[in-house]
Amino acid sequence: MRNLLKECLAEESGFVELRYHHKESRSFFAERGRVESTALRKRTGVGVRVLEAGTWGFASTSEISKSSIQNAIQVAKKAARLSSALRKDKIPNLPKANFAVGDFIGKGIEDFRNRTVEEKLKLVLDIQNAAAKQSAKLQSVGCGYSEIYEEKAIVTTDGADSFFSMVRPEFRVSAVAKEDGKMESGSHSIGVTGGWDCLFRSQSPTEISDEACKTAVDLLSSSLPEGGLSTVILSPSIVGLLVHEAIGHTVEADFVLSGSVAQGKIGHRVGSDLVTLCDSGYSEYYEGAGGSIPVDDEGVIPTNTVIIKNGILSSYLHNRETAERFGVAPTGSARAWEYGDVPLIRMRNTFLMPGNSSLEEMIANTKDGYYLDGAKNGQADATGEFMFAVQKAYRIQNGKITDLLKGVTVSGLAFDVLQNVDMVSKEFKWDLGSGHCGKGQPAKVDAGGPYVRTKVLLGGK
Amino acid sequence: MDRNSIEKRLNDQKDLLSNLVKKAKSNGIDQVEIYSSYGYSEDVSLEKNDLNNCTATEENMFGIRVIHEGNQGFIISNHIPSLYQSIEEAYSLAKSQSTPDLDLVLPEPESIQNHFNQYDASLDTMGIEDLVASAKEALGWRNDLYSKVNIDSGDFSLSKGYKLIVSSKGVMAHELGAELSASVMGMGVDGDLVGSFDYDSASGFDKTQFQTLWKKAFMNFGDKCMGALYAKPISGFQGKVLLPPEAVYSFFLGLFIGSLNGTSLRKGKSKMAGKLEEKVASSLLSIWDDPTNNSFMGSTGFDREGLPTSKKPIITEGVLHTYFYNTYEAKKAGLPKSNGCATGGAQSLPGCGPKQLQIAPGSAAKDEFFKLPGKTLFVNRISGTKDGASGDFSGVIKGGYLLENGEKIPVREVQIVGNAFEALNQIEAISKEGELLGESSFVPYMLLDGFTITGVTEE
Numbered sequence: 001m002r003n004l005l006k007e008c009l010a011e012e013s014g015f016v017e018l019r020y021h022h023k024e025s026r027s028f029f030a031e032r033g034r035v036e037s038t039a040l041r042k043r044t045g046v047g048v049r050v051l052e053a054g055t056w057g058f059a060s061t062s063e064i065s066k067s068s069i070q071n072a073i074q075v076a077k078k079a080a081r082l083s084s085a086l087r088k089d090k091i092p093n094l095p096k097a098n099f100a101v102g103d104f105i106g107k108g109i110e111d112f113r114n115r116t117v118e119e120k121l122k123l124v125l126d127i128q129n130a131a132a133k134q135s136a137k138l139q140s141v142g143c144g145y146s147e148i149y150e151e152k153a154i155v156t157t158d159g160a161d162s163f164f165s166m167v168r169p170e171f172r173v174s175a176v177a178k179e180d181g182k183m184e185s186g187s188h189s190i191g192v193t194g195g196w197d198c199l200f201r202s203q204s205p206t207e208i209s210d211e212a213c214k215t216a217v218d219l220l221s222s223s224l225p226e227g228g229l230s231t232v233i234l235s236p237s238i239v240g241l242l243v244h245e246a247i248g249h250t251v252e253a254d255f256v257l258s259g260s261v262a263q264g265k266i267g268h269r270v271g272s273d274l275v276t277l278c279d280s281g282y283s284e285y286y287e288g289a290g291g292s293i294p295v296d297d298e299g300v301i302p303t304n305t306v307i308i309k310n311g312i313l314s315s316y317l318h319n320r321e322t323a324e325r326f327g328v329a330p331t332g333s334a335r336a337w338e339y340g341d342v343p344l345i346r347m348r349n350t351f352l353m354p355g356n357s358s359l360e361e362m363i364a365n366t367k368d369g370y371y372l373d374g375a376k377n378g379q380a381d382a383t384g385e386f387m388f389a390v391q392k393a394y395r396i397q398n399g400k401i402t403d404l405l406k407g408v409t410v411s412g413l414a415f416d417v418l419q420n421v422d423m424v425s426k427e428f429k430w431d432l433g434s435g436h437c438g439k440g441q442p443a444k445v446d447a448g449g450p451y452v453r454t455k456v457l458l459g460g461k
Numbered sequence: 001m002d003r004n005s006i007e008k009r010l011n012d013q014k015d016l017l018s019n020l021v022k023k024a025k026s027n028g029i030d031q032v033e034i035y036s037s038y039g040y041s042e043d044v045s046l047e048k049n050d051l052n053n054c055t056a057t058e059e060n061m062f063g064i065r066v067i068h069e070g071n072q073g074f075i076i077s078n079h080i081p082s083l084y085q086s087i088e089e090a091y092s093l094a095k096s097q098s099t100p101d102l103d104l105v106l107p108e109p110e111s112i113q114n115h116f117n118q119y120d121a122s123l124d125t126m127g128i129e130d131l132v133a134s135a136k137e138a139l140g141w142r143n144d145l146y147s148k149v150n151i152d153s154g155d156f157s158l159s160k161g162y163k164l165i166v167s168s169k170g171v172m173a174h175e176l177g178a179e180l181s182a183s184v185m186g187m188g189v190d191g192d193l194v195g196s197f198d199y200d201s202a203s204g205f206d207k208t209q210f211q212t213l214w215k216k217a218f219m220n221f222g223d224k225c226m227g228a229l230y231a232k233p234i235s236g237f238q239g240k241v242l243l244p245p246e247a248v249y250s251f252f253l254g255l256f257i258g259s260l261n262g263t264s265l266r267k268g269k270s271k272m273a274g275k276l277e278e279k280v281a282s283s284l285l286s287i288w289d290d291p292t293n294n295s296f297m298g299s300t301g302f303d304r305e306g307l308p309t310s311k312k313p314i315i316t317e318g319v320l321h322t323y324f325y326n327t328y329e330a331k332k333a334g335l336p337k338s339n340g341c342a343t344g345g346a347q348s349l350p351g352c353g354p355k356q357l358q359i360a361p362g363s364a365a366k367d368e369f370f371k372l373p374g375k376t377l378f379v380n381r382i383s384g385t386k387d388g389a390s391g392d393f394s395g396v397i398k399g400g401y402l403l404e405n406g407e408k409i410p411v412r413e414v415q416i417v418g419n420a421f422e423a424l425n426q427i428e429a430i431s432k433e434g435e436l437l438g439e440s441s442f443v444p445y446m447l448l449d450g451f452t453i454t455g456v457t458e459e
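Line by line, the protein sequences are chains A and B.
Going by the working numbering, the first residue of the first sequence is number 1, and it counts up by one from there.
Going by the working numbering, the first residue of the second sequence is number 1, and it counts up by one from there.
Isolated chain A (complex conformation) (with noise of 0.2 Å):
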């Protein structure tokens, strides 16, 4: 592919960049005793991106043809040189990258071609039966598998020539309970990027399973928190939810000339000493991490970038316009979601560095707080206001666990919550792999870290 890539901008002079990207997304899904849907979507095609007379045109193709590509290669032209009146602020030319030459081939691909369709039918059925016989108070459960397989070329006229592929599995069960004409729902998933046994490295399909299904009977017995501003201990995956939502989008480039709550605040204070904050293509710490990358989405070997340093804004995320723009390195965040999307600012896996206390000194050392567990969803804001959804709030009342209750919504100005981190444990997980990204375009993303001490809005009674 490379290759037809490559004969394709033979002839070309200007900037071209093009991308064969080719997806496989197979899912399979259980409920009520029965297999409820398989299904296989399969898209292939080429973007084509331009820079003509200072601003960006794109087209894209299905057919993978030569004679296809080259015309969408002159479609694109047309559409930047008709713009091109428009723009204001013109693109001189795009800096020098650490480009992506070769192939790069993603561990866990065979493992899940060699697994059977029956195989994978199986786990989702077996679970969903197994866990609908837990409790009587379990009205539905709901076991899905699904797996994401990509490959991409990206050559461009200034350097870039490489070929990747990847696999991306993800497991996931939701259950519904009843009482008393009360109803509750608990999920729990997984998402990694590689093999199958990566994906239940930590947590078996049972063990998946059983924790949504407690969530949702657990639930039935619980009530609101009080709301107000609280001491919290967040758990990873709320720790993961809140780097990405709450700090993440306000530092990817783009949105900071937006004029996003960290414009102009690199070298700034804007966290405790205990904060350190990164986003990576890799997978620090151990493999897997659902976001990672080995190449992006202009051709860019990806960095580990460091957001924050002790408490110190330090870096956005670029691309190639905006580290020209700022006159920095590109950063490997360029990402675009199908063949036929524009490449994007995003993150991919984001976390925050671990800490030296423990999670039992964290409880122990709180006397009125809440531990929060179990990431739903999240939004932020150009204030730097965020929002994210928990499962489950547990009340911690002089230094130990208390009443169970039912999960809301928490939120809080970006910077304050991390000004106010007094406390990060030890322990480190990637908590948020089976979740997607929206900025117009969706992006596997992860994110995780420590345990960490902070104070949030809480929403209650």
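Fair warning: there could be bad hints in the mix.
[Unchecked claim] Here are the simulated SDA-like pairs of lysine to any residue, each with C-alpha atoms no more than 20 Å apart in a straight line:
hint, chain 1, residue 1, chain 2, residue 2
1, B, K25, B, F116
2, A, K42, B, G344
3, B, K215, B, G274
4, B, K408, B, F370
5, A, K23, B, G274
6, B, K267, A, M353
7, B, K267, A, D180
8, A, K78, B, G274
9, A, K426, A, E338
10, A, K426, A, A364
11, A, K88, B, T452
12, B, K267, A, Q134
13, B, K267, B, P100
14, A, K182, B, G274
15, B, K432, B, A281
[Claimed, not checked] Each pair of labels, with its calculated beta carbon distance range:
hint, chain 1, residue 1, chain 2, residue 2, range
16, B, A273, A, T402, 43 to 49 Å
17, B, S147, A, E324, 24 to 30 Å
18, B, D206, A, K66, 36 to 42 Å
19, A, T402, B, P313, 38 to 44 Å
20, B, N117, A, Q74, 30 to 36 Å
21, B, H115, A, G438, 34 to 40 Å
22, A, P95, B, D50, 52 to 58 Å
23, A, A85, B, D206, 22 to 28 Å
24, A, N93, B, E404, 52 to 58 Å
25, B, P233, A, E287, 29 to 35 Å
26, A, N98, B, K408, 50 to 56 Å
27, B, K432, A, P95, 44 to 50 Å
28, A, N356, B, T99, 37 to 43 Å
29, A, R395, B, K432, 44 to 50 Å
None of these hints come from the bench; they were simulated from the model.
The beta-carbon is built from N, C-alpha and C at its ideal position, and this holds for glycine as well.
Keeping the supplied structure of chain A fixed, place chain B upon it in accordance with the hints.
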């Protein structure tokens, strides 16, 4: 790409898909359905108060469903030369399963009464140059009227295409469509002050309709961003919330509508199970589904299974009248056929839901809501979470106001917690004025009482 070439492509594809279905049948694959979605679009995007990118994209997606002895396989592909191979793969997926349900069948064809022509040929004279001109105009509005509003992103799109469904049971339906659309997202920035995000969008069948609606949407966006710029924290209270149409539709009503889904009902996940013809909401509330209005953007004559759509009451004065079914869920519910409420497109299996909700206007004057005594929280948007089973929702208010003694105070760091099913009975008043959201659903303002509002300051 113009109407003639799209029609030619459609006609050629009808023949192609019909032949593939025939070939499958002759090879022993009895139940095959192919849903095709073709689109050509030209787009101009904005970023950082400037033009960002111009794109041209074309794609044809196919959703292929094969049912074999009560088991189903589904393949999505954009590769026309291998479509027959995809049919065989879907068949293989169906055969690999061991949990058949004989209620799972493709629907028999039905006559489609409403035929829509939502492709205005005047759009064929337009192209990227016109989109660039629209972008230039919008950047001019921003510079002249809203210099403190930063456009984070925006998009102008001219899109054309068709949807087509063909099945081995004889279903054959298609519709052409074309539209101009635009959206904008951004926030107010004044020195170190940054306001909440907001956004707005508009679409139209032709240039004149689009331009009128887009200008209104952009001004609404600018006003919302400016309104959120100087927001302050407040203390919490128990009381009334005022929901504008967007908030009514996107958050509060969405949970309730989801509970009328045939799949949720069958799986015991819906609190609305067994409530047909019962009073489930305030008598002030009446809702119906109407995909048959030719002047609405989302109207269509057929659903995801190629069956005819129709206008139907959902709630009349608080009494629930219907659930939403596709063919499978209708059979599971013991009904003779679906009610034309299969949702989705080429990239999804048929789900269940409404097409175009309409909420009956009330009798209250919207402006009076802003002059109520005591405290009322105006909820422009909720950034939060909701649980379909319990109906619980909670979130942060974005671009909201505290309405107090005739004053409109922009607020931040405020959370709201509630339950959608209880909220149906907390409706105190509905306005006679409203908005046509997405140019397809009429939604009024609603005033509700009895909510917990959490703030960060002390009283």
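Structure-based check of each hint:
no., hint, result
1, B:K25 <-> B:F116, "violated (31 Å)"
2, A:K42 <-> B:G344, "holds (18 Å)"
3, B:K215 <-> B:G274, "violated (46 Å)"
4, B:K408 <-> B:F370, "holds (8 Å)"
5, A:K23 <-> B:G274, "violated (43 Å)"
6, B:K267 <-> A:M353, "violated (43 Å)"
7, B:K267 <-> A:D180, "holds (17 Å)"
8, A:K78 <-> B:G274, "violated (59 Å)"
9, A:K426 <-> A:E338, "violated (38 Å)"
10, A:K426 <-> A:A364, "holds (16 Å)"
11, A:K88 <-> B:T452, "violated (48 Å)"
12, B:K267 <-> A:Q134, "holds (17 Å)"
13, B:K267 <-> B:P100, "holds (17 Å)"
14, A:K182 <-> B:G274, "holds (15 Å)"
15, B:K432 <-> B:A281, "holds (18 Å)"
16, B:A273 <-> A:T402: 43 to 49 Å, "violated (35 Å)"
17, B:S147 <-> A:E324: 24 to 30 Å, "holds (26 Å)"
18, B:D206 <-> A:K66: 36 to 42 Å, "holds (39 Å)"
19, A:T402 <-> B:P313: 38 to 44 Å, "violated (49 Å)"
20, B:N117 <-> A:Q74: 30 to 36 Å, "holds (33 Å)"
21, B:H115 <-> A:G438: 34 to 40 Å, "holds (36 Å)"
22, A:P95 <-> B:D50: 52 to 58 Å, "violated (20 Å)"
23, A:A85 <-> B:D206: 22 to 28 Å, "holds (26 Å)"
24, A:N93 <-> B:E404: 52 to 58 Å, "holds (55 Å)"
25, B:P233 <-> A:E287: 29 to 35 Å, "violated (43 Å)"
26, A:N98 <-> B:K408: 50 to 56 Å, "holds (52 Å)"
27, B:K432 <-> A:P95: 44 to 50 Å, "violated (58 Å)"
28, A:N356 <-> B:T99: 37 to 43 Å, "violated (51 Å)"
29, A:R395 <-> B:K432: 44 to 50 Å, "holds (46 Å)"
When held up to the earlier numbered hints, the structure conflicts with 1, 3, 5, 6, 8, 9, 11, 16, 19, 22, 25, 27, 28 and fits the remainder.
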